[in-house]
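In case you want the letters, here they are:
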Amino acid sequence: MNPYLGTCALFLAASALVVLPLVPGLWELHRKSDAAALSVIQQHAGEIRYFADSFRGYIKSLEPLLNECGRSGRMVGGTMMDGTDYVVLGGRGEALRLPASPKDQDFQVLIASAGDLLVPSQTAFSKDLYARGRFLGGTDNTYRAILGERDIRLGDRSSVLRWVHAVGDFHAGTDCRLYGRVSSEHAIRLGAGCRFSRLHAPSIEIGEAPRVDSPWLRNRPSPAAEEHGARVLHEGNFEIPAGLFERSVVVRGQLHIRAGARVYGNVKSWKDAVLEPGVWIKGSLISARNLVIGANCRIHGPAIAERQMLVAPGTQFGEARHLTTVSAPKIEVAEGVRIFGSLWAREHGQAGIRS
Amino acid sequence: MIYLLYFIVALICVYTLRHYWFTLNRLFGFQRHPYIDIDAADWPPVTVLVAAHNEEKVIANILAALMTVKYPEDKMLVVPVNDRSTDGTRTIINEFVQRFPGRIRPFHRTGGKGGKAAALKDAMELVETEIILIFDADYIPGAGLIRQLTAPFFDPEVGGVMGRVVPINVGANLLTRLLDLERAGGYQVDQQARMNLRLVPQHGGTVAGVRRSALREIGGWNDNSLTEDTDLTYRLLLYGWKMVYQNRSECYEEVPETWQVRRKQIMRWAKGHNQAMVTYGLHLLFGRHRATLRERIDGVLLLGVYIMAPVTLLGWMLALAVFYQGIAPLHGIVALLSLTAYAAIGNLAAFFEIAAAVKLDGNRQRICLLPFLVLGFTVSILSVSQAAVAQLKDALTGAEFHWDKTERFRKVAS
Chain E
1 MNPYLGTCAL
11 FLAASALVVL
21 PLVPGLWELH
31 RKSDAAALSV
41 IQQHAGEIRY
51 FADSFRGYIK
61 SLEPLLNECG
71 RSGRMVGGTM
81 MDGTDYVVLG
91 GRGEALRLPA
101 SPKDQDFQVL
111 IASAGDLLVP
121 SQTAFSKDLY
131 ARGRFLGGTD
141 NTYRAILGER
151 DIRLGDRSSV
161 LRWVHAVGDF
171 HAGTDCRLYG
181 RVSSEHAIRL
191 GAGCRFSRLH
201 APSIEIGEAP
211 RVDSPWLRNR
221 PSPAAEEHGA
231 RVLHEGNFEI
241 PAGLFERSVV
251 VRGQLHIRAG
261 ARVYGNVKSW
271 KDAVLEPGVW
281 IKGSLISARN
291 LVIGANCRIH
301 GPAIAERQML
311 VAPGTQFGEA
321 RHLTTVSAPK
331 IEVAEGVRIF
341 GSLWAREHGQ
351 AGIRS
Chain U
1001 MIYLLYFIVA
1011 LICVYTLRHY
1021 WFTLNRLFGF
1031 QRHPYIDIDA
1041 ADWPPVTVLV
1051 AAHNEEKVIA
1061 NILAALMTVK
1071 YPEDKMLVVP
1081 VNDRSTDGTR
1091 TIINEFVQRF
1101 PGRIRPFHRT
1111 GGKGGKAAAL
1121 KDAMELVETE
1131 IILIFDADYI
1141 PGAGLIRQLT
1151 APFFDPEVGG
1161 VMGRVVPINV
1171 GANLLTRLLD
1181 LERAGGYQVD
1191 QQARMNLRLV
1201 PQHGGTVAGV
1211 RRSALREIGG
1221 WNDNSLTEDT
1231 DLTYRLLLYG
1241 WKMVYQNRSE
1251 CYEEVPETWQ
1261 VRRKQIMRWA
1271 KGHNQAMVTY
1281 GLHLLFGRHR
1291 ATLRERIDGV
1301 LLLGVYIMAP
1311 VTLLGWMLAL
1321 AVFYQGIAPL
1331 HGIVALLSLT
1341 AYAAIGNLAA
1351 FFEIAAAVKL
1361 DGNRQRICLL
1371 PFLVLGFTVS
1381 ILSVSQAAVA
1391 QLKDALTGAE
1401 FHWDKTERFR
1411 KVAS
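Chains as they are written, first to last, in the numbering used here: chain E, 1 to 355; chain U, 1001 to 1414.
Isolated chain E, as found in the complex (with noise of 0.2 Å):
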């Protein structure tokens, strides 16, 4: 063989070893099939609405035959733009009573209503429902997502897949299963042994929950809002005694507050926080690990734990013109408890648990 074929011959072997791993990335540098900036959320970034808002988009199209069904009474069906099948009902003020299901009780249709829905128990919906009265589900069912224009009702013992938004009063009977966002423009109302992830309203209630006033947390100003220059910094455990504390603390262990502690300050331990009855607090409580909240507490800032919350009856977060959020992955509260803002559990929310 030619030794300068074979030299040429082995440079050629070489040079397409090197370039062959690059021929991918020529390729898409040439053809720039993913060179799109990454899609970030921006415009609807924490807005528990926006499954709300993009099915009321999307069912835009049926607003001239929901006005008239709603005044003929008359139920009409058809599809989609996208191929989803739909039925509007109509009423004359009556609200409507959904026929049985066509079969082995599962809707597979949107289904819109003009006026007050009442739907059957033991039903499967696999598509979502609107309804522009009130909304008035039986027990053991299963909704996909539901969309109410005044107050939704579910039944004792009813699963929501995605997403339900009322814009009135929001209440789930017993037991129920709760997986994806809820949320009211009103208030919320969960039943004992509910289950939830994401819960938002101006008020949400765990059971009956009285509401009490806290007067002299409204006469100051939020400690968020004001300068930390006495912030306590503490290595190992901490016990906060009863009566006022005025100042933020950090806590690099345990901490304790004891029954009737006034808190006026943010609050912060890396581990296992507990927090005896009747403990107020004007700022924000965080937990690295655990916390646990006894009974009849005031929490006005948000409420985080980064493992498990425990919440006892009595206790309430925020006030109706101060949202707040409570946020834990695991969270368990009991009934009584009221909470003016958001609730979110990330792995595991139960409701009405004893305490």
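Honestly, the hints are just simulated from the structure, not real lab data. Just so you know, even glycine gets a beta-carbon here, dropped at the ideal spot from N, CA and C. Incorrect hints may have been included.
Label pairs and their calculated CB-CB ranges [stated by the list, open to error]:
no.: 1; chain 1: E; residue 1: S39; chain 2: U; residue 2: M1067; range: 21 to 27 Å
no.: 2; chain 1: U; residue 1: D1087; chain 2: E; residue 2: T84; range: 52 to 58 Å
no.: 3; chain 1: U; residue 1: H1283; chain 2: E; residue 2: H186; range: 52 to 58 Å
Let chain E serve as the given structure and place chain U on it in line with the hints.
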């Protein structure tokens, strides 16, 4: 010589393990986002500082975006820090002040020390709020970003917060595509892993925030620092304040589109980082302060990331020297093999990290560009080494640092 080489190899191995640890944590570990759920609260007043030096191409975009964010209008004041601009920046800012009365208070700086830290330091006279957010002028914040960056400050331990930076001009050329990959690895994996593991997330100086009382406690902005963000990170750490990284608080930025601009940018970062390493390194590791043991170790490793470039180059030269001089057992073959192994496995750690970031972001085809990162790494390693040598020379001759502003590529906003 051989022991120095072994030391370098050991250092490189530590960084390699660190890369793998972070990536595996991001892929399989527990992810910490403790404050991202805070969507309802009694929001505190905030001041948003927008650092601008000759930013007529981009300043209108960020001011317009800030005027539409979801934050109580009466609790947010925007302060454009116009640092000695000689272009149309002042005019554009003043137009916005007239359009949005009471919501923008401009700070027009006409003299004084150069650099972002010095400008921010002077602008503090207009800041009355406890929470301060900072953006560079080429960033475009989304509607929920101000709330997301403010939320961690409800934790009294948090002194600073950092959001994620996402390149917007990805498709411009090969460089921007490589920088997009590097940024993804740096934020999606590196920063979030440090947040997960309670280590030291780094303040980036933009898409970021700082608590005023914390800033006051640590002595304010350090206008002698070349990278005020790194300096801030370490001073907060030493005083017991935590830095929080919020991976879901994303903001678009414009990355350099020419290699020359990229080289200048990374050289400035390297010099600033090395300066912080000299200033805080030993004290962080051995001093009496508030940082935990894991923060001390990670903090020192983070300080050393830029000096590792010249150290790696030195290692390669030493390996060749011991091999040809035969001054080590087996003619230095062990050392040479160690470095070669690093070249294969160690570099794979960085590639693995970036590939994981691409996967976590849900992207697909851009992963094909991974082999081209060798080019980016080569430019970086040479630029950073050059910066380290220049810095050493400057230190010996007492030369002053010249501030190089990163050039913008966007067209002038209408």
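Evaluation of the provided hints:
1. E:S39 <-> U:M1067: 21 to 27 Å: holds (23 Å)
2. U:D1087 <-> E:T84: 52 to 58 Å: The hint (52 to 58 Å, Cβ to Cβ) holds, given that U:D1087 and E:T84 are roughly 54 Å apart.
3. U:H1283 <-> E:H186: 52 to 58 Å: At roughly 56 Å between Cβ atoms, E:H186 and U:H1283 fall inside 52 to 58 Å, so the hint holds.
Of the numbered hints stated above, none is contradicted by the structure.
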